[in-house]
Structure formats: C-alpha cells, structure tokens
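Since the structure of chain A is already known, use the hints to place chains B and C on it.
Spelled out from the first residue to the last, the chains are:
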Amino acid sequence: MGTFLKHHRWITPLALLAPGLLWLLVFYLYPALQMFMASFWSGSLATGFTFSLSNWTNYPDAVSTYAPIYLRSVLYAGAATVTTFLIAYPLAYTIAFKGGRFKNLLLFLVVAPFFTSFLLRTVSWKIILSDSGPVLGPLKAIGILPQQFHVLASPMAVIAGITYAFLPFMTLPIYVALEKVDFRLVEAAKDLYAGPWRPGGAIVGAIVGGVLMAVLGFVFNTSPLAFAIVGAVVGAVLFHFRVSESFVRVTFPLSISGVFAGGLLTFIPAIGDYVNAELLGGPNTSMIGNVIQAKFLTENDYPSASALSFVMMFGVLIVVAIYAKILGTEELSAAAARA
Amino acid sequence: MTAVALAPSARPKGSVANRIDRVFDRWSMIVYTLLAVIYLLLPVAVIILFSFNDPPGKTNVVWHGFTLKYWLNPFGPDGLGSAVVLSITIAILSTLIATVLGTLMALALERYQFRGKSFANSLIFIPMATPEIIMGASLLTMFVSIGQPPFFPLNFVTILIAHIMFNISYVVVTVRARLAGFPRHLEEAAMDLFANEWQTFWRVTFPLILPGIVAAALLAFSLSIDDFVITNFTSGMSVTFPMYIYGAARIGIPVQVNVIGTSIFLIAVGSVALTTLAGRRKRG
Amino acid sequence: MSTSDKLTGSPISRRRLLQGSALMGTAAFLAACGTKGTVSPAPTAAAAATTAASAAPSAAAASGAAGSAAPSAAPASAAPTATPSEPMIPNGTVANVVWANWPLYIDVDKNGNHPTIQAFEKKYGVKVTYKEAINDNNDFFGKIQPNLQAGQPTGWDIITMTDWMAAKLISFGWIERLNPAAMPNFQANVKDQYKTVDWDPDVAHHAPWQSGMTGIGYDPKVTGSVTTLKAFFTADPRWTGKVDMLTEMRDTIGLTMLSLGLDPSKPTRAAFDQCITALTAAKNAGIIRRFTGNDYSQDLSAGDAVLVMAWSGDMVQLLVDKPGLKFSLGADGTYGGMLWSDNMMVPKGAAQPYTAELLMDWYYIPANAAAVEDYVNYICPCRGADVVLKKLDPSVASNPLIFPPDSTLARLSIFGSLTPDDESYFNTGFDNLINGA
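Going down the list, the sequences are from chains A, B and C.
The first sequence maps to residues 1 to 339 in the working numbering.
The second sequence maps to residues 340 to 623 in the working numbering.
The third sequence maps to residues 624 to 1060 in the working numbering.
Check the hints yourself; a few may be wrong.
Listed below are the simulated EDC-like cross-link pairs for lysine to aspartate or glutamate, each with C-alpha atoms no more than 16 Å apart in a straight line [stated by the list, open to error]:
#1 C:Lys844 / C:Asp859
#2 C:Lys733 / B:Asp364
#3 C:Lys889 / C:Glu799
#4 C:Lys971 / C:Glu799
#5 C:Lys754 / B:Asp417
#6 C:Lys746 / C:Glu709
#7 C:Lys814 / C:Glu799
#8 C:Lys945 / B:Asp393
#9 C:Lys814 / C:Asp1029
#10 A:Lys98 / A:Glu187
#11 B:Lys408 / B:Asp393
#12 A:Lys98 / B:Asp364
So the derived label-pair ranges between C-beta atoms look like this [unchecked claim]:
#13 A:Trp56 / C:Val845: 50 to 60 Å
#14 B:Ser461 / C:Gln775: 25 to 35 Å
#15 A:Asp182 / B:Lys456: 25 to 35 Å
For the record, the hints were derived by calculation from the structure and aren't laboratory data.
Source: prediction; values computed, not measured.
Even for Gly, the Cβ is constructed at its ideal location relative to N, Cα and C.
Bound-form chain A, shown alone (with noise of 0.2 Å):
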C-alpha cells in the first residue's frame, strides 16, 4: 500500500478531495450553471423565457442601474471587515494565549450565540437600540443625544448588524491559526526583539484610531474632525505601547494565514447580505443581495436577478485572487518559519 501510494502521489490527494469535490459539482456547480445560462434568458414569465447569447446585454444593464449599490455594498461590507477584524484579533489572541483552561469554554462562547435565531437576536438588538430604548433613551433624557437621533434605519445599523452577525467568522480563523503558533518562538522573538514596535506602532494606532472615531463622529452628526484627533491620539499612545516589535515580527505573520481565512469568510457572505439591510436598515441602505432578492422574488425577472449575482460572484473571485496574490498565506507562512 505504501509503495503504490509512493508511486501514486496523485491518487492520495485526489481521494480526499473527491467526495466534497463531487458534492459541490452535483449540488452546486450544475444547478448554479443552469442559473448562469437564465442571465442569457430574455421574457417575461408570462411570455416564457427564450435563451440567447446575444442577451449578454443583461450584464451591462443590470450593472450600470445597480452601481451605486454594487458600491454600498463593497463599503458597509469592507467596513463591517475591518471592524470584526479589529473586535476577533484581540479576541481570539486572548483565548488562544490567555484562555487556560477556559480555552473552550470562551471559544463556545464566541460561537454560541449564533446557535439562537438570527431572527430573534435581530428582535433583541432592536430592543436594545431602540429609539427610547435602554441605551438611547438615558442618553436623550440627559441631552446628549438630539431627541431626533436614532441608530436603528440607518446605514451604521446595517455595518454593525454584519459586524456581529460574522464576528465568529473572524475570529475562529484567526484563533485556530494562532493556537498552532509555536510559543517558543514568540519567546525567542520576544529576546529578540524587545520593546515596542517603533515607530510603526503609533503611526498604525493613529489611523486605526483616527479612521474608526471620524466615522463615529460623522454618526453622532458633531465634529468628525475632532473625534478624529482624539481617535488618532489614544490609538497612537494604545498601539505604541501594547504592541511590541516581537508580535509585529513573528506573532502577527503567523497568524495571518487566520487573518486571511477570516476576512474572506466575512467579506465574501457579507457583500451578499441582504437580512440586515432589511431589519436593521432604512430606506436608503439596501445592498446588492436586497435588489437581488427583490429581482428574483417580486418581479421574477430571473435574468436580471441571475446577471446580478454572477456579476457580484465574479467580482468577489477577483478580490479573493487579488488578495491572494497579495498575501500569498503559503509563501507568507513559508516565509516567517524560515525567520
């Protein structure tokens, strides 16, 4: 057996990945390509449906209506990346090197709320965020807040709504991935390296900080510039001295193989999001995956609704060849075993 292996390199590799591989020809790839030919479809479902190629028009008609969209999408999705990425890194570094024996215990915790119904855990935000509810009542009651200000049916409703509903999607990744970083070696790298990083920390720590409180600045509808100064000051004095030269170095490219897997899988489902948009959303914060899901149900204009998605679907395949080719997790990971 071992011999015949040995002389069969390729028949390991391609039974293991026969079985998953056939299932998403048969159950993903062939429906999905039936959905592919209805983009060519023109009519009505009264009319019935008729193919040609010279329909390929659909492309190009659903995309210039949809752009501004297509481009809500890629930000309230690029946004709520960002920010899972900056709530699981800490996260996950934490359980994967603090955890103890709580290790599992945190890590189920992560995930377990997400065994409960999306639909209810919406309802509870609803309550929580509501516009005289818990937090914002107090706030308006003490005249902080404007009684006109409400979170909910705005587009920030929408970013953080997928922020929570992909957080696990982050931080998984990026826990199994620094779980397996060899502890020693961030030891060593600590001799190595001691002290911050410098003077990377605080540049980083500006922006982040900068970036994050101009946005919340422009929500609460006060000064962005102000909030951003402030934002940039505490990140900058926060990176400056909680993050060291030895995590930049060794711990952070190791786990970025984590980093890379999370945002892929909250990027990716996220553009495709339409469920918050429409609880948490208003008038104006639809996404692609709304108009998709309203094509395709309401107006049963299959051809539109299908030329939609493989546009949105070809678009996140060149995002994830682009980021790939950008990070390359094996060379990058190669890379850092070899330092």
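What follows is chains B and C alone, placed relative to chain A:
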C-alpha cells in the same frame, strides 16, 4: 499557563511605570475579552429575559412582567416542536458530513500540488459568494427537473443535501487556516518512526488540526441551524425552526420561540462547560 | 374597555378584541364600542362547530336525495343558510389532503389542535395535513413555481395566497377550476363583495379565506389625531423619521394613490409614477423610516414608529400590546383604505381536488367560520358567522374591524389587476424605491 504580554516592558524593573504596565498587561486583555463576550451575549441575554416576559399581545419587544407559563408549555404552538427537532437533526447531520468532507478537502489542498488545484479552490470560494436565493432556487430547479418522488421528494434529504453543500466551503477555509504553515517536520519524524501514513495521520496530524476541525464544525452547525433562504427553497413540505419563526413573525413570534432559543443555548453552553470542567479535574 | 388584558391567557389565544372598536378613528365606529360581553373560552366555539358539523348529515341526507337542488337554491337568498348544505357530487371519493396556510391563521385549542379541522376529519374519515408553510407570497411562489411550470404536482391540495398572487397563479393556468356542486355552502354564504373580483370573475378558482383592511395605524399619544393619508407625506416633527410603510407594493402604492385622489382599482402607469414621485419626496425628506413587512408591529410597539401603513388584523391585536393605538381609514370623505384577501385555491395537479373543495366549503358553514374568526380576528368572508358569534363572543361579532359594516366596506378599494407588463413596471419601480436604487 503563563500570561503573555503583547509588549514586554522596556523600562527598568520596579519602577511605578513598570508596575502599572504589569497590572495593565494582566488585566487589559481579560477585561477586553469580557467586554467582547458581553457584546456577543447581550442579545442572547435579552432573548432569555424575554422568554419570561408576559406580553398581553402578540409583540414581544416591551417588558410587561414575569411569568413561567411559556417555560411550562414550550411546544404549545402547533408545529413548533417538530420544526425544532427537524432543525436540530439536520444541523447535526450536515455538520458531521460537511466537516468530514471539508477536512479531507482542506488536507488535499494544503498538502498536495496537483493539476486543477486552482479550479478546486475557486469551487470552494464561489459558493460563499453566491447569493443564497440563487443557490436555493437553482437547487430547487435541479431537484424538480430530476423528478418528483421517488427520486427527489423535497424533504429532509434535500434540505440536508443543501446544508452540506453550503457548509463545506466554510469548513475547508477554517481547517486550512490551521493547516497552513503546519510543522511538517513532526509528521516527517513520525513517518520515519511509524512508517505508516494512516497512523501518522491519526496520531500526529489529527490531534494537531483538531482545534481547526472543532472550530469548523461549530461554524457549520451555527450556519445550518439558522439557515432560512436555502432551506425554504429545498424544504418541500417540511418546516424548520427558522422557517417557523419567519412565518410566525407575520402575526407575532410566540414567546415559546424565545424559550426554545434559550434552551438550545443553555444546553449547548452547559454541556461544553461540563466537559471543560471535567477535563480540568482530570488534569488537576 | 380596559380590562381585555386579563382575558388573554396565552399567545395562542387571540381574543383580545374588546378594545378593537376604539381603533377606528371615525365616530361611526365609536358607537360600536361599548359592547363587552362575557368571552367564552375557545373550546365552546369549537364545540359549536362540531355540533353544527354533526348536525349536518341529517340535513344533507334530505337535500342529497333531492339531487343538486341545494346548491342552486341557496345563492339567491342574501341571508345565510340556516343549516349547512351537504355537498353532493357523484363518484366523489374523499381522501387525505394537504393544506398550506400561513402560521397562526386558524383556530387552535389549548393542546395546539385545530378543532374545526378535527371536526372535518371526523366527519369525512380523512386526515388533513395542515402545514403552516407559507410565510411570504413571493417566497412560496418561488417554491412551487418550478413544479407548476414543469407540469408536476406541487404536493399541496390547498394553498392560501393573497389576491394578487392568486390572480397571477390563475392567469398562468396553474389553478384548478372548482366544482360548484361540491361547494354549496360557499355558493350560499360567500359575501357579495367577494364575487366581483376581476381576476376571477365567476369566482371559479378561489374561495376567500380571510380578508383585511390596510389603513393608517398611529399612536395618538405622539401624533395626535391623524385622519388623512396625506400625513404620510407631510413632514412633521411628531412623526418625521418614525413612519413605516409596507413592502407590499399594492398596499403602499394603493394608499398613496388614495392620498393623491387617484383610484387604485384602476391603476395606471401615470398614476403609479405620481405615487413614486410622492414617495421619493417623503423618503428624501426623511419622513419614512423604513419599508417593512409585518414587523412594523414591533416598531409601533417599541415606539420606533408612530405612524404606519397598517393591516387591520394586526392593529386589533396590537391594541393589547399598546393600548391607545388607532386605526383609521381617514375621516376626509375622499380617503379610504385598501381591502385584500387571502384565498384558498387548488393548485394544478393536486391529488385530491374533491376533498379540497369539501374542506374549503367546510369553512363556509357559518359555525366553522365563526370558530376561526374568533381566533384569527381578520375579516370574515362568510356570511352569517357574526350571527353565530353574537351568541358566543359578542365582542368579536360587534368589532367593526372584524365584521366591518357595509358603509366601511364601501369605502375600501381593491387594487385593480395589472397586465403582466404593468405588473413588472410597477414592481421594478417600487423595488427601486425601497432599495434606494
């Protein structure tokens, strides 16, 4: 386990700044983690709280008073019990199957070079980028075109097929995060000693990638138990828990839904806490 | 009229209507307000239904002997038939049927059973598989459409769909024609206004299950009295940013048309365009908070919305959540609301159309319709159900939102049929509005 500081102090020992730094080191991450967990669990806390609510009407969004009556009659509304059982069964089965299939794929993709690898890679990423409605509708079209009973009656089996399908990608990506940059030398050493790929896998590789597999299974389970769109298309006449809730939302989600949501959450957390504690005692 | 809260034991029970009358803004309905009789527990109504059912066979035996006399004699009289007629067709075999309906849309007893269905099962010796499988017209359409298009059975014997979706299914030829001989009670007891829909002129394909009104729902504590649909389009600090409208195109566009003095029963593209202009202006002015399905009830309950386009049945039940809420069709003579129905239909390829017809007819026996109404609180399409309910549950019988007087019904509009082209024009325009494209 020793605490690891992100930034070891560069200042001389014993100084006030150093002491502050150490306290900060010790507590900042703990406090942060607690805050993050609170953030994650806050909505669940509200769900639990509102399972004891006694709303006079149909909306369960304002606190009206404490009652146990819904806990005493958790499957009161018609169809709720069977929906919950169906959802849990499908979640468990689809998680098991997808985790096995996905882990094998992750091993193949991370360990071997072969022709068609980029195709396989794309085939894994693209389902995650496919709108659920397109996936659900295209699957339904296929099931219908294959034919009605006995081939593909839309039911339990078709839901299961769909859930395994969309779970595989998530499993592969999560397990690969664990496998990437994996210390191959351990396996090579084992191979020298045991000289058997099978044993090497079970004694060395598997324990090392287990955290990745567990994480992937958790993700898969959470995706499956809460899926609505794809399930709705592929369910035929079956009704799952999320379908029940979306349907009930039209009239008002019964408080019992909170009771069941709470129960699933508590049972899951309780069993993990118990195993964690048991493991702790064994080691101690 | 403040003690209704005590009457509601569980979320299953939907008998919280005592305050319902107060919902209507107009004085005409306030008169109906005072009634607050003793509310009998649900099983009573169900028991009545059962008795009525078991009484039927004897009457049926007589009419059965007279051949098809019963169905043809009945429709002429405006009054409900005193005794349920027995459906008779030769060679009709009864067998198990499968029915898709919306959740919480039929009578339920304490054990989660549906007494009216149990009575039917007992009488005919069949099993009714009742599934709460519909949560959205479009979702459900997407689900059964491939089967219907492929000419395959959907597996359902009865489906329950809203007017416009029913119209669409019928126009595609995907609905079985009903056999009137099998449905004498339906022929006799369906209310007149349901007989004139333009999408099924001879009412040969559908039997209404429940109806509802769409109008103005508001919280007078915040908004003051709102008696005009124009309020939805007028910026006012009391409700700007707290206005919810419906994602159901026909409801939102219908009410907008009414507010503009246009006629929703004859929808034109020009009228639609005017509506979109008005709605876009309201959206840009920040008046509209969001477009919702039923979850406007949560917004209203939590105070996040104070002025909404609302469904009457929801408002009857919401009143218990938030006493003081009002439902109005507008006081201003030209204004009104929309009337819609959910309809039972037999999809093409159904295995047991005959039993399905019997079951549909079953709910046109007033006692059965009353049992359902007592629980569901929407508008009953069956004549005579209020007469039965007057004895069992007077508060429901006298609630103008459940049994609206003819004067109210006359003010309601039914959204007119759309050609497929117009349908797609309307849907696309409306979706672009609510998706901010």
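Okay, the hints, checked on the actual structure:
| no. | hint | result |
| --- | --- | --- |
| 1 | C:Lys844 / C:Asp859 | holds, 15 Å |
| 2 | C:Lys733 / B:Asp364 | violated, 58 Å |
| 3 | C:Lys889 / C:Glu799 | violated, 27 Å |
| 4 | C:Lys971 / C:Glu799 | holds, 5 Å |
| 5 | C:Lys754 / B:Asp417 | holds, 9 Å |
| 6 | C:Lys746 / C:Glu709 | holds, 12 Å |
| 7 | C:Lys814 / C:Glu799 | violated, 22 Å |
| 8 | C:Lys945 / B:Asp393 | holds, 14 Å |
| 9 | C:Lys814 / C:Asp1029 | holds, 11 Å |
| 10 | A:Lys98 / A:Glu187 | holds, 15 Å |
| 11 | B:Lys408 / B:Asp393 | holds, 8 Å |
| 12 | A:Lys98 / B:Asp364 | holds, 11 Å |
| 13 | A:Trp56 / C:Val845: 50 to 60 Å | holds, 53 Å |
| 14 | B:Ser461 / C:Gln775: 25 to 35 Å | holds, 34 Å |
| 15 | A:Asp182 / B:Lys456: 25 to 35 Å | holds, 28 Å |
Comparing the model with each earlier hint shows violations of hints 2, 3, 7; every other hint is respected.
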